[in-house]
Amino acid sequence: MSSVPERPVAQQRRGLIRGPQSLVGGLALIAVARLALYLSSDLSQGTLRAIGPGMLPRWLAMAVGFCGVVLVALAFIKDGDRIEPSTWRGPVFVALGIMAFALTIRPVAIDLAFGPLHIGPFTTPGLGMIIAGPLGMIIGGYATPEARLRDLVILGFGLTAFCMVLFGDLLNLPIPIFPQSLAQLFPADWSQKAILRATAALMALAAALVFFATHRDRTAPVDMPDHSGRI
Amino acid sequence: MGDLFSNLHHGFTIALSLQNLGLAFLGCLVGTLIGVLPGVGPIATIAMLLPITFGLDPVGALIMLAGIYYGAQYGGSTTAILVNIPGEATSVVTTLDGHQMARQGRAGVALGIAAIGSFFAGTVATIVIAALGAPLTRLALVFGPAEYFSLMVLGLVFAVVLARGSILKAIAMILLGILLSTVGTDLETGEERMTFGLTILSDGIDFAVLAMGVFGIAEILRNLDHTESRDVVRQAIGRLLPSKEDFKQSIAPVLRGTAIGAALGILPGNGAVLGPFASYTVEKKIAKDPRRFGRGAIEGVAGPESANNAGAQTSFIPLLTLGIPPNAVMALMVGAMTIHGIIPGPQVMTKNPDLFWGMIASMWIGNLMLLIINLPLVGLWVRLLKVPYRLLFPAILMFCCIGIYSINSLPTDVMFIAFFGLVGYVIIKLGFEPAPMLLGFVLGKLMEENLRRALIISRGDMMTFLDRPVSGGLLALALILLVIALLPSIRKGRDEVFVE
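Chains A and B, in that order, are what the protein sequence lines are.
Under the numbering used here, think of the first position of the first sequence as 1, with each following residue one higher.
Under the numbering used here, think of the first position of the second sequence as 1, with each following residue one higher.
A hint or two may mislead.
As the list claims (entries may be wrong) - One side only, chain B facing chain A, incomplete, derived with CB under 8 Å:
id: 1; residue: D186
id: 2; residue: M194
id: 3; residue: L198
id: 4; residue: I217
id: 5; residue: L224
id: 6; residue: R295
id: 7; residue: Y425
id: 8; residue: I456
What the hints assert, rightly or not - Here are the simulated distance ranges between beta carbons:
id: 9; chain 1: B; residue 1: R239; chain 2: A; residue 2: Q192; range: 48 to 54 Å
id: 10; chain 1: B; residue 1: Q249; chain 2: A; residue 2: L149; range: 49 to 55 Å
id: 11; chain 1: A; residue 1: V92; chain 2: B; residue 2: Q249; range: 31 to 37 Å
id: 12; chain 1: B; residue 1: R239; chain 2: A; residue 2: V70; range: 53 to 59 Å
id: 13; chain 1: B; residue 1: A287; chain 2: A; residue 2: L149; range: 48 to 54 Å
id: 14; chain 1: A; residue 1: D42; chain 2: B; residue 2: L187; range: 16 to 22 Å
id: 15; chain 1: B; residue 1: D467; chain 2: A; residue 2: R34; range: 25 to 31 Å
id: 16; chain 1: B; residue 1: L368; chain 2: A; residue 2: L35; range: 49 to 55 Å
id: 17; chain 1: B; residue 1: R295; chain 2: A; residue 2: P107; range: 56 to 62 Å
id: 18; chain 1: B; residue 1: M463; chain 2: A; residue 2: S41; range: 26 to 32 Å
id: 19; chain 1: A; residue 1: W88; chain 2: B; residue 2: L477; range: 44 to 50 Å
id: 20; chain 1: A; residue 1: V92; chain 2: B; residue 2: E449; range: 36 to 42 Å
As the list claims (entries may be wrong) - Calculated from the model, a selection of chain B residues having no Cβ within reach of chain A, i.e. all distances over 12 Å:
id: 21; residue: T53
id: 22; residue: P346
id: 23; residue: L466
Just so you know, these hints were derived from the structure itself, not from any lab.
None of these values were measured; they are calculated from a predicted model.
Glycine included, each C-beta is placed from N, C-alpha and C at the ideal position.
Kindly generate the complete structure, drawing on both the sequences and the hints.
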């Protein structure tokens with residue numbers, strides 16, 4: 001999906017490895033192939049007449065591995081692209097933001113074992129959209145060095161309120177809205193929808209409050225294009 | 001012929017009901033709204049908005065989805081013209097001349113001709129689908145497992161030939177995609193394959209999750225790597241309706257673009273993606289003054305945009321008639337249909353005529369809607385595009401999370417989009433293209449099923465794929481294509497097309 005057409009590197013590069021991108025790409029393919037071969041090793045191969053569950057994964061893994069080997073070989077023969085540098089900040093914060101959303105939206109039972117390291121078993125508190133939304137957005141928002149907490153808080157509250165109304169109220173999708181423990185705070189005769197709307201209104205209000213409380217005179221002029229949009 | 005019109009009439013009576021009309025409108029609107037966000041293409045848009053159609057009846061849901069699809073397509077073109085960021089591969093070409101037009105203060109005309117060209121292309125494509133639907137469906141009924149398998153091989157070879165960059169890398173990605181599709185419970189023996197013992201993987205990898213990760217999240221990560229250099233057009237949008245002169249210049253490119261796009265879109269293996277490139281190349285070749293291209297030539301917008309839309313629509317044909325999704329968008333459509341209990345394939349037309357013809361009619365209505373709602377709303381899209389990316393991407397992130405969560409109500413799905421997002425990011429960094437991988441994944445399960453079935457029927461004889469004339473012919477065609485693509489002279493030409 002890259003919008004920039006790949007350009008072959010014009011200058012001859014010295015050294016043994018002439019296509020670093022192919023080398024790493026090829027090694028990655030070989031690694032994936034090895035993993036798939038290991039994972040499918042306990043599956044029966046079957047015969048052509050009655051193909052077993054393991055036959056196709058094994059063939060495919062070998063083909064992927066073969067592509068990897070060729071790519072590695074090409075890395076030493078042909079000049080190729082180098083790997084573009086990337087920052088760790090983006091992937092780390094985006095992944096953390098998504099994880100924060102996933103772990104707080106509803107109770108998740110966690111029971112993981114990595115060799116000697118054992119996490120859990122415990123269950124994360126299901127905090128619903130009201131927490132998961134802003135939390136995910138604020139953490140994820142720090143993926144760029146230009147992040148500003150104030151803007152992210154306003155955006156987080158405002159957009160969460162919008163999504164609550166859109167997905168929960170208008171579309172009736174079963175998304176947990178707020179922590180179950182808070183359900184008693186509302187009058188007993190309120191319907192689920194009324195609670196949802198009240199919560200959304202509160203969120204929107206919070207967003208507006210933060211906006212005005214920290215509002216400073218804007219120095220940058222807002223440039224508005226002429227978009228009368230008339231045909 | 002009379003059959004065709006009575007069928008279309010039947011379709012229109014369904015699509016024109018107040019509810020379905022409203023759904024088409026809503027679909028187009030939200031599709032454009034999300035699709036216009038920079039870096040969000042149709043695949044991510046549909047994956048995000050899939051859940052909002054769950055509560056509807058099947059016909060309404062598919063009509064709305066089709067609306068979302070066209071909206072997302074058009075939203076992508078808007079972003080391409082106004083900000084020079086293509087939402088997906090097919091609008092890359094539009095950035096070339098569209099954005100230059102915008103810089104010359106002719107953004108309105110560029111958007112206008114894109115919409116009008118798309119509408120015309122959509123109208124023609126609707127008729128093509130309606131006309132080809134019935135005969136192709138009859139053809140599909142004589143297809144056995146061997147033929148299906150060979151057809152999908154042909155589709156994948158097409159995808160390899162059409163992918164940008166190295167052919168070897170494209171093949172690797174397709175194989176990887178098929179490999180990913182084998183994860184999960186084996187359909188025949190019930191054995192779990194490559195699941196790491198995780199119960200969430202026993203149903204296999206969810207396509208929407210994979211698509212959202214690779215096309216939604218990875219795209220955010222890729223955009224974050226580049227420092228913000230969005231040049232939203234500062235000039236006035238200008239008049240929207242092209243002048244008489246503009247129309248004169250555009251008519252022929254629109255006609256040619258429509259023909260090219262519609263023909264390529266029918267091909268299995270995402271032929272639609274080639275449409276805009278082919279159209280642009282043709283226009284540039286036959287232009288009196290090719291130097292104008294890249295500097296705001298209206299033909300460079302009219303042709304590719306028409307080709308884009310025609311292809312986007314005719315790519316429904318393999319899905320509706322053969323049940324084979326030719327690209328990732330159509331694979332999402334399969335997911336949506338399955339949720340509503342419809343198995344795409346030749347039997348849809350006979351068993352669900354309301355759905356089949358209603359959807360075809362709503363395609364035309366969707367195109368009309370786009371023309372009506374988008375042009376007046378251009379101002380709104382411009383304003384949306386002025387929001388800095390540091391605020392846009394958390395919002396996109398949020399929509400991705402909520403969208404994917406509400407499909408299955410599984411927090412693990414949300415975690416997996418983070419995982420596949422990182423995978424997709426690495427894939428892009430290493431110079432691979434994720435699109436062929438998705439196609440391999442889409443066709444993988446179907447291919448394995450048909451391969452095994454065909455071999456059971458032939459008692460393990462591989463020659464069945466060559467002995468059966470249709471199957472053998474398709475495989476021969478695939479081989480010829482692959483050889484042609486590997487010929488040095490053609491390779492050079494192919495690279496040139498994609499470097500344009």
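Now the hints, each set against the structure:
no.	hint	result
1	D186	holds, 4 Å
2	M194	holds, 4 Å
3	L198	violated, 11 Å
4	I217	holds, 7 Å
5	L224	holds, 4 Å
6	R295	violated, 18 Å
7	Y425	holds, 6 Å
8	I456	holds, 7 Å
9	B/R239 <-> A/Q192: 48 to 54 Å	holds, 50 Å
10	B/Q249 <-> A/L149: 49 to 55 Å	holds, 51 Å
11	A/V92 <-> B/Q249: 31 to 37 Å	violated, 50 Å
12	B/R239 <-> A/V70: 53 to 59 Å	holds, 54 Å
13	B/A287 <-> A/L149: 48 to 54 Å	holds, 53 Å
14	A/D42 <-> B/L187: 16 to 22 Å	holds, 18 Å
15	B/D467 <-> A/R34: 25 to 31 Å	violated, 37 Å
16	B/L368 <-> A/L35: 49 to 55 Å	holds, 50 Å
17	B/R295 <-> A/P107: 56 to 62 Å	holds, 59 Å
18	B/M463 <-> A/S41: 26 to 32 Å	holds, 30 Å
19	A/W88 <-> B/L477: 44 to 50 Å	holds, 46 Å
20	A/V92 <-> B/E449: 36 to 42 Å	holds, 40 Å
21	T53	violated, 9 Å
22	P346	holds, 26 Å
23	L466	holds, 14 Å
The structure shown violates the earlier hints numbered 3, 6, 11, 15 and 21.
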